[in-house]
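**Q** Using the sequences provided together with the hints, build the complete structure.
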Amino acid sequence: MNEILRFEHVFLNYHSLQGETPAISDLSFSVREGEFVSVIGPSGCGKTTLLSLISGLMPASSGKIVLDGDPVTKPSASISYMLQRDQLFPWRSIYKNVTLGLEIKHIKTPDHLARIEDLLKKYGLWEFRNARPRQLSGGMRQRAALIRTLALDPRILLLDEPFSALDYQTRLSVCDDVAAIIASEQKTAVLVTHDISEAISMSDRIFVLSRRPATLKNIYETGLKDFGPPLKRREHPSFPVLFEKIYREIRDDETKEKAKL
Amino acid sequence: MRQKKKPSSEQHEKFLKGIRKKKTLVTCLRVLLLVFLLGLWELCAFFNLIDTYITSSPSRIFATIGELIREWDLFTHAGITLLETLEGFFLSMLIGTGAAILLWSFDTLWKVLEPYIVVLNSLPKIALGPVIIIWCGTGTKSIVVMAILICVIITLLNMLTAFRSCEEEKILLLRSMGANKFQILVKLVLPASLPSFISVLKINVGMAWVGTIMGEYLVSRAGLGYLISYGGTVLNLDMVMASTVVLCFLAAAMYACVALLEKLVRRRD
Ligand SMILES: Nc1ncnc2c1ncn2[C@@H]1O[C@H](COP(=O)(O)OP(=O)(O)OP(=O)(O)O)[C@@H](O)[C@H]1O
Ligand SMILES: [Mg+2]
Chain W
2 MNEILRFEHV FLNYHSLQGE TPAISDLSFS VREGEFVSVI GPSGCGKTTL
52 LSLISGLMPA SSGKIVLDGD PVTKPSASIS YMLQRDQLFP WRSIYKNVTL
102 GLEIKHIKTP DHLARIEDLL KKYGLWEFRN ARPRQLSGGM RQRAALIRTL
152 ALDPRILLLD EPFSALDYQT RLSVCDDVAA IIASEQKTAV LVTHDISEAI
202 SMSDRIFVLS RRPATLKNIY ETGLKDFGPP LKRREHPSFP VLFEKIYREI
252 RDDETKEKAK L
Chain G
395 MRQKKKPSSE QHEKFLKGIR KKKTLVTCLR VLLLVFLLGL WELCAFFNLI
445 DTYITSSPSR IFATIGELIR EWDLFTHAGI TLLETLEGFF LSMLIGTGAA
495 ILLWSFDTLW KVLEPYIVVL NSLPKIALGP VIIIWCGTGT KSIVVMAILI
545 CVIITLLNML TAFRSCEEEK ILLLRSMGAN KFQILVKLVL PASLPSFISV
595 LKINVGMAWV GTIMGEYLVS RAGLGYLISY GGTVLNLDMV MASTVVLCFL
645 AAAMYACVAL LEKLVRRRD
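Chain order of the listed sequences is W and G.
Residues 2 to 262 in the numbering used here are what the first sequence lists, from first letter to last.
Residues 395 to 663 in the numbering used here are what the second sequence lists, from first letter to last.
Incorrect hints may have been included.
To be verified - Pair ranges (Cβ atoms, derived):
1. K657/G x P230/W: 42 to 52 Å
2. T216/W x E563/G: 19 to 29 Å
3. F228/W x P589/G: 47 to 57 Å
4. G125/W x R424/G: 48 to 58 Å
5. P509/G x E186/W: 45 to 55 Å
6. P509/G x H16/W: 52 to 62 Å
What the hints assert, rightly or not - Output of the computed footprint for chain G on chain W, the stretches with three or more beta carbons under 8 Å from beta carbons of chain G:
7. 77–88
8. 100–108
Said to hold, decoys possible - Among chain G residues calculated to face chain W with C-beta under 7 Å, some are:
9. S451
10. K564
11. M571
12. G572
13. K575
Think of the hints as simulated: they come from the structure by calculation, not from any bench.
Glycine is no exception: its CB is placed at the ideal position from the N, C-alpha and C atoms.
**A** What follows is the structure, given as structure tokens:
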């Protein structure tokens, strides 16, 4: 498969009056087209920062980020970013929410609208297109946010803890939905999460980051791609083994952190 | 979307009935309170327990209103004041919100102007009365300017705060879609600030009347403020009270309009 995204020795420092905060340090990796990658790491280590860099919302302090052979300098049409929490606009109907991106880009063409209609129908939101976000359940809102993300037909989806606002039951089923949607639309995805099981059950590869400033500690191949939907993958014998490995890796990091204090 | 009416249980009926009952009770008590106070006032006046020369009385106020209509052209005065207030109200909303948009768009401009705006805000505007008269003359213009001065700074500051409290993540979302600053303003910041706009409207309904009446005290030859200050000068308390009552009704009507608008907006989301 072709490489779609590449980081080469990327650093990022935040500047504020209090000083300089290194958030990302010497990060290099590449993501292949159609791959589902999870990024996991301790709280505040720089995961959201990583997605912001990929999406071109801010420039790296140094290093190179390459998307499809071109350096990333500004938000690109081939990337869609789904932020932490659904961020639906409460005063817009679901339909108006999912077409927001088309409005911004002035591409509300019949083609694109037909695609949105398709997506809404396929994922059970068509009947609710005129409802306001607050009238929908958490899971439905998350699906609406995902459709808004897919509406611009991006090649890469960036998902920042998209399920953290959901209760456990809903979370499991929305995970399945989202994985199915992304697989059937054949997108590349980068998912940020705190949840190790979620990372294992959803992705092809898992990037484990160190605490801040984030460096890449390890990459795990799950090898569960052809083993059905995420919920089913949790039953695979290699699941607990992998879980244990990653859990230890992150815990060791945290113990070291405590020992330092 | 309104919910479909379900056949409600007896218990729910009872609950609704209780609520309605309480609402009726509150309305009745309100009216009774007014009737009681007015009655007490009238009785005290009738039995000469109070000096109506300085307190007036409901019946005299009522009679004076009739007199004012016949001999003083009350409606014209009320109309003039209402017009001035509306003018001050709308202009200050327009100028205040416009300036807030400008200051939101150009952060440096805000940083530069902030201390001046804060000082202007805490300045008692009435102190500018003489300056306004010298600059704008002794006509309607000065009155409207006074009303605008009173409303505009508070509008600006409130709207700017509303604009800036817009969720950073929603802005990031739009930026990741490739939105420019103008699109962020129109698609997100303005609609998100609508509730604040309504509450500023509500504050300004009161403030615009303050400004207008203050302006009329200062300069005018007409309007309710003029009637009140004239009545005060010639110690005609009936005239003062009657004009104040009319003022009350006008202000209440304007407030009701804004409240209605708020209800419509609430239905939006
Ligand atoms: N705009 C900013 N200015 C200064 N420091 C920042 C800024 N944004 C983030 N940081 C700091 O950079 C570090 C990484 O932030 P980031 O949001 O990327 O972490 P995260 O891994 O997404 O955290 P979480 O797990 O809580 O979502 C944090 O320590 C944070 O305090
Ligand atoms: Mg984060």
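**Q** Determine for every hint whether it applies to the structure shown.
**A** Structure-based check of each hint:
no.	hint	result
1	K657/G x P230/W: 42 to 52 Å	47 Å, holds
2	T216/W x E563/G: 19 to 29 Å	26 Å, holds
3	F228/W x P589/G: 47 to 57 Å	49 Å, holds
4	G125/W x R424/G: 48 to 58 Å	50 Å, holds
5	P509/G x E186/W: 45 to 55 Å	54 Å, holds
6	P509/G x H16/W: 52 to 62 Å	26 Å, violated
7	77–88	holds (count 8)
8	100–108	holds (count 5)
9	S451	51 Å, violated
10	K564	5 Å, holds
11	M571	5 Å, holds
12	G572	5 Å, holds
13	K575	12 Å, violated
In the structure shown, a violation is registered for the earlier hints numbered 6, 9, 13, in ascending order.
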